[in-house]
Amino acid sequence: MGSMGEVGDEIQPRGYWRWSKQDFLPEESFKNWANYRSALSQTCFRFKDRLTSRSEDANEIGEMRKQSENDMKRCLTWWDLTWFGFGSVIGAGIFVLTGQEAHDHAGPAIVLSYVASGVSALLSVFCYTEFAVEIPVAGGSFAYLRIELGDFAAFITAGNILLESIVGSAGVARAWTSYFTTLLNRPTNSLRIHTNLTKGYNLLDPIAVAVLAIAATLAMISTRKTSVFNWIASAINTVVILFVIIAGFANADPSNLTPFLPYGAKGIFQAAAIVYFAYGGFDNIATMAEETKNPSRDIPLGLLGSMSIITVIYCLMALALSMMQDYRDIDRQAAYSVAFQSVGMKWAKYLVALGALKGMTTVLLVGALGQARYVTHIARAHMIPPWFALVHPKTGTPINATLLIVISSALIAFFSSLDVLASLLSVSTLFVFMMMAVALLVRRYYVTGVTPRINLLKLVIFLLIIVASSMGTSAYWGLNPNGWVGYAITIPLWVLGTAGISVFLPQQRTPKVWGVPLVPWLPSLSIATNLFLMGSLESRAFIRFGVCTVLMLVYYVFFGLHATYDVAHQQQKPESLKFNDRDMGKTGP
166 MGSMGEVGDE IQPRGYWRWS KQDFLPEESF KNWANYRSAL SQTCFRFKDR LTSRSEDANE
226 IGEMRKQSEN DMKRCLTWWD LTWFGFGSVI GAGIFVLTGQ EAHDHAGPAI VLSYVASGVS
286 ALLSVFCYTE FAVEIPVAGG SFAYLRIELG DFAAFITAGN ILLESIVGSA GVARAWTSYF
346 TTLLNRPTNS LRIHTNLTKG YNLLDPIAVA VLAIAATLAM ISTRKTSVFN WIASAINTVV
406 ILFVIIAGFA NADPSNLTPF LPYGAKGIFQ AAAIVYFAYG GFDNIATMAE ETKNPSRDIP
466 LGLLGSMSII TVIYCLMALA LSMMQDYRDI DRQAAYSVAF QSVGMKWAKY LVALGALKGM
526 TTVLLVGALG QARYVTHIAR AHMIPPWFAL VHPKTGTPIN ATLLIVISSA LIAFFSSLDV
586 LASLLSVSTL FVFMMMAVAL LVRRYYVTGV TPRINLLKLV IFLLIIVASS MGTSAYWGLN
646 PNGWVGYAIT IPLWVLGTAG ISVFLPQQRT PKVWGVPLVP WLPSLSIATN LFLMGSLESR
706 AFIRFGVCTV LMLVYYVFFG LHATYDVAHQ QQKPESLKFN DRDMGKTGP
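First residue of the sequence shown: 166, per the working numbering; consecutive thereafter.
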């Protein structure tokens, strides 16, 4: 059913495609320049209000969804979500990053890098699953953090989600072109347009733009049809992966595993921080909760089932590569193709390229679905214009939000090689996952108006100890990986902080259907592992992360803060005052 607008005393349906100022900037602060100047003068007061305010489960599930004017269609089951898990996670990462990190950092121990990053990813999956079951909305981590940590923490997370979505999709689309040229047996950049622009931006990629447009179009037409296409493509990709594993072990030479740790333990975790990117994408599944028929059953099965299987697959693929070829001979760009060529299976490179293409296609497809649903809920909160929150009445999909992601990604994919932004993606992903684990602990041990103030103070202190000790462990690892004195301080502090929550604080909330086991230990371990992997990244990644965060804060101060403040306080007005405001808006002076 379409949205409704008032014309005189009659109620007329409003079309989906509309472009008025009211659709983009409806908040009171942006009515005119005088209002905007007044809003800016109250920035400090409003920031304090947004910093301390919290949303509620009912508001995110009910009231916020009304901003979209139409509901998304509930058409997904656990089977769909499991295959979406495969489609969103298994892409180019496993084919590209495995060889690169085995050669540069880990050697044959790359399999342990996948174990470490897989354990960290599974801990994050536990946190996402509990939230998605309890709060089945399209906003994913953005909605969960708005409830537990407030608007400001949710905004910083939202900015990183959008950055990760746009840049990540552009990177996968560029990689799609590279693998397509391999399949055609042509040079890597032969299908790109060569220009005289600055290096890194001089190879224009129209094929990447076309692939993004096709994936987004399918996602906008129908969630159900997208799911069916994802089944087919993921099934083909699974066959290719099984071939890589079986053929790899059939041509294995165990002597290639010696030396197993050529770069030491530090190399394992350096590689783990990079290959973690290969696990990215599972958070898209949580955003499909509004379209899931039975979220409390289907989401745990889909998320936990797919990620457990993917972790095993990645470890087997990494081990097969390490046993086929000496780590010093592994090709950094086309590891599996060259490895099969070295054992006399030159034709296999085409099969590997086909599998990578299929994997990247489903990553773009599921990404277009999940990322658009993130954007939809962010727009429902008015952190970006609410026009992007609209759901089309016929397709039941957020077309405007999908267009925002695909156009932004296409512009970057067309011009940029994205080499400088690759590590930034890992920082953003790990930061969001760390925040999710903190939010889960807050949800279990703090309820507004119920938890005594002294218990809140204890929780804050214990959380600070956990985060600080985890950062200390990560920093000491980077400065002195072979030492032990620092760990003798930081690890006991982490245990102390976690045990403090377990012993001195009663849980204030019990999950209704499915919950993370061993709370607070598993969420606390998730905080520690994510921060540890962040610390294993290069300093340049954090400089870029800092610059992007500053830009997000500028946007928040001049737009997001005032829009969300107006909406929150408009919702708090009594209904009679809201109707009076509406009547005054229709009545001339």
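Please keep in mind that the hints were generated in silico from the structure rather than gathered at the bench. These figures come from a predicted structure and were not determined experimentally. Do not take every clue at face value.
[Claimed, not checked] The list that follows gives simulated cross-link-like pairs (lysine-lysine, DSS-like), each with its CA atoms no further than 27 Å apart:
(1) 186 to 196
(2) 458 to 390
(3) 390 to 559
(4) 231 to 186
(5) 238 to 677
(6) 196 to 231
(7) 231 to 559
(8) 238 to 390
(9) 677 to 213
(10) 231 to 677
(11) 458 to 559
(12) 559 to 186
Now for the hints, and whether the structure bears them out:
no.: 1; hint: 186 to 196; result: holds (9 Å)
no.: 2; hint: 458 to 390; result: holds (16 Å)
no.: 3; hint: 390 to 559; result: holds (14 Å)
no.: 4; hint: 231 to 186; result: holds (19 Å)
no.: 5; hint: 238 to 677; result: holds (24 Å)
no.: 6; hint: 196 to 231; result: holds (22 Å)
no.: 7; hint: 231 to 559; result: holds (16 Å)
no.: 8; hint: 238 to 390; result: holds (12 Å)
no.: 9; hint: 677 to 213; result: violated (33 Å)
no.: 10; hint: 231 to 677; result: holds (25 Å)
no.: 11; hint: 458 to 559; result: holds (19 Å)
no.: 12; hint: 559 to 186; result: holds (24 Å)
Violation of the numbered hints given earlier is confined to hint 9; every other hint is satisfied by the structure.
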